[in-house]
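Undergrad: Chain by chain, the residues run as shown.
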Amino acid sequence: MNKRDILLVEDNPDDEALTLRALRKHNILNEVVVAHDGAEALDYLFGTGAWSGLGSRLLPQVVLLDLKLPKIDGLEVLRRIRANERTRLLPVVILTSSNEDKDRIEGYGLGANSYVRKPIDFDEFVEAVKQLGLYWLVLNEHPEGRLRGS
Amino acid sequence: MNGPDPTAEFDLTMVGADMGSVQIGSKLRWQKEELFQHLFEQAPDAILVVDSTGIILFANTQAEKWFGYAMSELIGLSVDVLVPDTHRGMHRKLRENYQSAPRPRPMGPGLDLHVRRKDGFDLPVEISLSPLDTRSGLLVTVIIRDVSDRRAAENHIRELNASLEQRTADLEAINHELEAFSYSVSHDLRAPLRAVDGFSQALMEDYADNLDATAQDYLSRIRAGTQRMGRLIDDLLNLSRIIRADMAPPERVDLSALAETLIAEMRRHEPGRKVEFKVQPGLCVEGDAHLLQVALENLLGNAWKFTSRKESARIEFGADDGADTRTFCIRDNGAGFDMAYSGKLFGAFQRLHGASEFQGTGVGLATVKRIIARHGGRIWAEGAVDQGATFHFTLKECRGQS
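Protein sequences, first through last, are from chains U and Z. When you read off a place in the first sequence, starting at 1, and then add 231, the result is the number in my numbering. When you read off a place in the second sequence, starting at 1, and then add 549, the result is the number in my numbering.
If we strip away everything but chain U, and leave its shape as in the complex, we get (with noise of 0.2 Å):
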């Protein structure tokens, strides 16, 4: 099957590994590619850095935000996504610990396509990846439209 990718931009490994396996809780079965920190998750959208020369690729489905970030935020990631041309129509969830209303404002602000609060029960936390997985991936059109054969 020829699917896009998510990218899950998460430093947290605990985090990381929970979200992958509520993902595969629920047969999501796209490809997920992790960033570790801001940058890395610029250098993948965008084909710089470790990813450069593989700028042509397609973009991912969806991207899973977290706002607490090393070296750029997830706030300042957003915002670097909404001012680029390629990538201004890209779905973007941001899926963090904060409730703060500011982030939420801001986050909305900054033209986050959803926000999500990780619930610190798993159960919690799996019913919200799944319904994240049936919306962003099943039912949402892409920006760049559907894939053949997907």
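Heads up, a few of these hints could be off.
List time: in silico SDA-like cross-link candidates among lysine to any residue, alpha-carbon distance up to 25 Å [said to hold, decoys possible]:
hint, chain 1, residue 1, chain 2, residue 2
1, U, LYS256, Z, ALA757
2, U, LYS333, Z, ARG923
3, U, LYS333, Z, HIS839
4, Z, LYS854, Z, HIS839
5, U, LYS333, Z, ASP783
6, U, LYS234, U, LEU290
7, Z, LYS893, Z, GLY779
8, Z, LYS893, Z, ARG858
9, U, LYS299, Z, ALA794
10, Z, LYS827, Z, LYS859
11, U, LYS302, Z, TYR732
12, Z, LYS854, U, ASP352
13, U, LYS333, Z, ILE782
14, U, LYS302, U, ASP242
15, U, LYS361, Z, HIS736
16, U, LYS256, Z, ALA764
17, U, LYS256, Z, GLN776
18, Z, LYS859, Z, THR939
19, U, LYS333, Z, ILE723
To be clear, the hints were calculated from the coordinates, so they are not data collected in a lab.
Since chain U is already given, all that's left is putting chain Z on it; use the hints.
TA: Relative to the frame of chain U, chain Z by itself:
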């Protein structure tokens, strides 16, 4: 006055003065002169009379005292000498201009004036000028008031203001740090909890066959613990948010209607509970609607929770009559509390019941107290073990009935 008298040759008769009224009986005239002399000498301000070239003709005792010159030195001295040297040139010009258009100038704040004493020290002063047109030319009466005390007081106020500003800035910085702190708590404290809960769940799912009932019980205790800590963190964050939140402009809040809605919600959540709820209709206050809802939610939530072991639970919401501020009360017939511990009731993380008896994090009443205090009200409680509890609080009643 001692020393040479430069006024001797002056005819001080005012131009245009009615000579008839001046030439009165000599005794009376003598008394009048003495009276004026007395007034002149005893005036609390320094008084100088200067001629058109700025030479001092008369000075009173106060001037002698303040300027530190002997009377014999003052008389005949140019008034410019009494001006601090930084302003002396300008003063000469101002004085010459004044000669061409003399008019009375009253004292008043706004001008930062100083005089130079003989010892070189500058005194802050206010000065009034009044021209006196005599047959020997224009004389000017200069009244000088020492405002050192007032200036010192003003400086003191300025210093107090500055220190107040500094303190405000410090508080703002602390507030800012607190915000960063609670942000960090919100984010960083929850992440490890998620890991503990998530991997416990993963163990239960993936290794259920290798875990006996005891092991599974332990794992569910671990999960319950993390979830409880998660609630604690959330409650703590909510409390800090309420402390930090800006108050919305006061609006009319119908507490009775709000209470009905909240109880209806609790009934929906626990349809098995039988609770008699009595509310006095039309109780309305002025305040921040969101914060007041949080307060009422906590108080009614407590009443709901602590009556859960009663066969026939009863919760009442009402008010006592008062003038402008009204005392409201929420009464229940639940588990109550020992008045000996009533002081602990409103402290954060203080609980009077064990977790096995009643669930809770001990932040609710601390939150309520903050909200009532931010509305300028008071809250206190009465109760007895197994006799129920009553929470009284005061809020500003809204004006006019709707």
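Undergrad: If you test the structure against every hint from before, which numbers come out violated?
TA: Hints that this structure does not satisfy do not exist here, as all of them hold.
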